[in-house]
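Assemble the complex: chain L is given as a structure, and chain Y must be docked to it using the hints.
Number of protein chains: 2
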Amino acid sequence: REFDQYLKQNDKPVLVIDHHETSDGLGDVELIDTTAAASALIIFDLLKYADWKVSQRIAQALFVAVATDTGWFQFSNTDSRVYRSCAELIDIGANPAEIYHNLYQKFSFERFKLMARMLDTLELHLDGRFATQHLLQQDFEQAGATYKDTENLIDECRRIGTVEAAALFVELKDGRVRCSLRSTGAIDVRKIAQKFGGGGHKMAAGAHLPGPLEKAKELIKTEVKKQFEQLEA
Amino acid sequence: REFDQYLKQNDKPVLVIDHHETSDGLGDVELIDTTAAASALIIFDLLKYADWKVSQRIAQALFVAVATDTGWFQFSNTDSRVYRSCAELIDIGANPAEIYHNLYQKFSFERFKLMARMLDTLELHLDGRFATQHLLQQDFEQAGATYKDTENLIDECRRIGTVEAAALFVELKDGRVRCSLRSTGAIDVRKIAQKFGGGGHKMAAGAHLPGPLEKAKELIKTEVKKQFEQLEA
Chain L
1 REFDQYLKQN DKPVLVIDHH ETSDGLGDVE LIDTTAAASA LIIFDLLKYA DWKVSQRIAQ
61 ALFVAVATDT GWFQFSNTDS RVYRSCAELI DIGANPAEIY HNLYQKFSFE RFKLMARMLD
121 TLELHLDGRF ATQHLLQQDF EQAGATYKDT ENLIDECRRI GTVEAAALFV ELKDGRVRCS
181 LRSTGAIDVR KIAQKFGGGG HKMAAGAHLP GPLEKAKELI KTEVKKQFEQ LEA
Chain Y
1 REFDQYLKQN DKPVLVIDHH ETSDGLGDVE LIDTTAAASA LIIFDLLKYA DWKVSQRIAQ
61 ALFVAVATDT GWFQFSNTDS RVYRSCAELI DIGANPAEIY HNLYQKFSFE RFKLMARMLD
121 TLELHLDGRF ATQHLLQQDF EQAGATYKDT ENLIDECRRI GTVEAAALFV ELKDGRVRCS
181 LRSTGAIDVR KIAQKFGGGG HKMAAGAHLP GPLEKAKELI KTEVKKQFEQ LEA
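Same order as they appear, the protein sequences are chains L and Y. Once you know that position 154 of the first sequence is 154 in full-length UniProt numbering, the rest is easy, because the numbers rise by one and skip nothing. Once you know that position 48 of the second sequence is 48 in full-length UniProt numbering, the rest is easy, because the numbers rise by one and skip nothing.
Next comes chain L alone, as it looks inside the complex (with noise of 0.2 Å):
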């Protein structure tokens, strides 16, 4: 927000690039492409459009971004621009295999543990449709962990074929529960969210809820419930 002010009072003219719907009214000129899987496509264009120079610098973090987009090119909007907008970043130095390591590979043994804590206390529910998971203050103790290392966690359990939707609780050091949510597309996490103050998408949400853990999973466990009853009806 401090930069849309910066931008709002600055008298330069102001171009913006996105691949999200705008309405914000920041730009003089948008350059809007919706079909375009990242950003980082869009700009890539532009610079050959213009043809300016890309460096191996600006083609590793082009690289980058398309491939964060896209969740490493498994998201349902990796379609072929991707690909060969990829092809070209490498031909000019991105290197995929250093890109990837730098990105998913750096976990520290602290966040291993974490991860490893809370697979452990994986639990499916609704027919395996919707998976819990949960942290407690003493897991990031022994783990030697902080909030930061949950990042990202609670997509490992899409990996099991089943489920639908996930959720993960953090116990916080106020005795609140922190709930992340994750749909696959079924559900609308960000409705559930809602209603307990939080938000977010429709696939990825969160908010804060009262504890103790067992009462917040039970709020949530309700609303979920709900939602796939709902689809079925």
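Be aware that a few hints might be false.
[Stated by the list, open to error] The calculated DSS-like cross-link candidates involving lysine-lysine, where the alpha carbons are at most 30 Å apart (straight line), are: (1) Y:202 - L:106; (2) L:202 - Y:106; (3) L:106 - Y:191; (4) L:106 - Y:226; (5) Y:148 - Y:173; (6) L:221 - Y:106; (7) Y:48 - L:48; (8) L:215 - L:148; (9) L:106 - Y:106; (10) L:106 - Y:48; (11) L:191 - Y:106; (12) L:148 - L:191; (13) L:202 - L:191; (14) Y:221 - L:106; (15) Y:106 - Y:191; (16) L:215 - L:225; (17) Y:173 - Y:217; (18) Y:217 - Y:191; (19) Y:191 - Y:173; (20) L:217 - L:173; (21) L:106 - Y:217; (22) Y:148 - Y:106; (23) Y:225 - Y:195; (24) L:226 - L:195; (25) Y:226 - Y:191; (26) L:217 - Y:106; (27) Y:106 - L:226; (28) Y:106 - L:148; (29) L:202 - L:221; (30) L:225 - Y:106; (31) Y:48 - Y:8; (32) Y:225 - Y:215; (33) Y:8 - L:106; (34) L:202 - L:226; (35) Y:215 - Y:226.
[What the hints assert, rightly or not] What the simulated footprint calls covered on chain L by chain Y, stretch by stretch (three residues with Cβ under 8 Å from a Cβ of chain Y suffice, anywhere in the stretch; the number is not a length): (36) 65–76; (37) 94–106; (38) 117–128; (39) 155–167.
These aren't lab readings, by the way, just hints derived from the structure by calculation. C-beta atoms are modelled at their ideal positions from N, C-alpha and C, and glycine is treated no differently.
This is chain Y only, laid out in the frame that chain L set:
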């Protein structure tokens, strides 16, 4: 080997397509391209060159072959040819998100629980460069899993930034210990496996060792340590 026999006895001409060096003389014509990350890339180029129709099913199959041979576009063999060919295969009808799901997101709950148990045994040795993990008979029983469920689980610990070699020890019913070894390239794990009557490649190998687990672990750790020391010498 039965297929070898069949090919040798058959009087039809044999075309061998491979991206490994071959010297078995099986083919009347050998189409070898060791620069290709996957044989599927050679096949795809041949189909295009011959102007044979590549159907959606063929495109899907070729995409699967390229994706698995490159560890889903992350291994060091992943060059621009890989991405460019995959872009073309997507245009023909291959669906990356669907293929990813079928390849990597079909874990059973049992296999997932087995993985959680294995991750919980992870230990780092030699300044974090060597990771060991194990699975006992009781782990399989408690997870309701089978030996087949261990497939590729050893690769999970590659996510730890410091790990350059890894071993997974699986206690067998006959009391022996199956050891799977991985290297990121620094050391040659085939040499270690061969010492104990096993085999494999430089970066992936395995052997059967006499039990109990702790003894087997020490044997392997000693050999891994030797190789790291030789590297530094």
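Next on the checklist: Under the constraints set out in the numbered hints, which ones does this structure not fulfil?
Outcome noted: Going through the list in order, the structure violates hints 10, 15 and 33 and respects the others.
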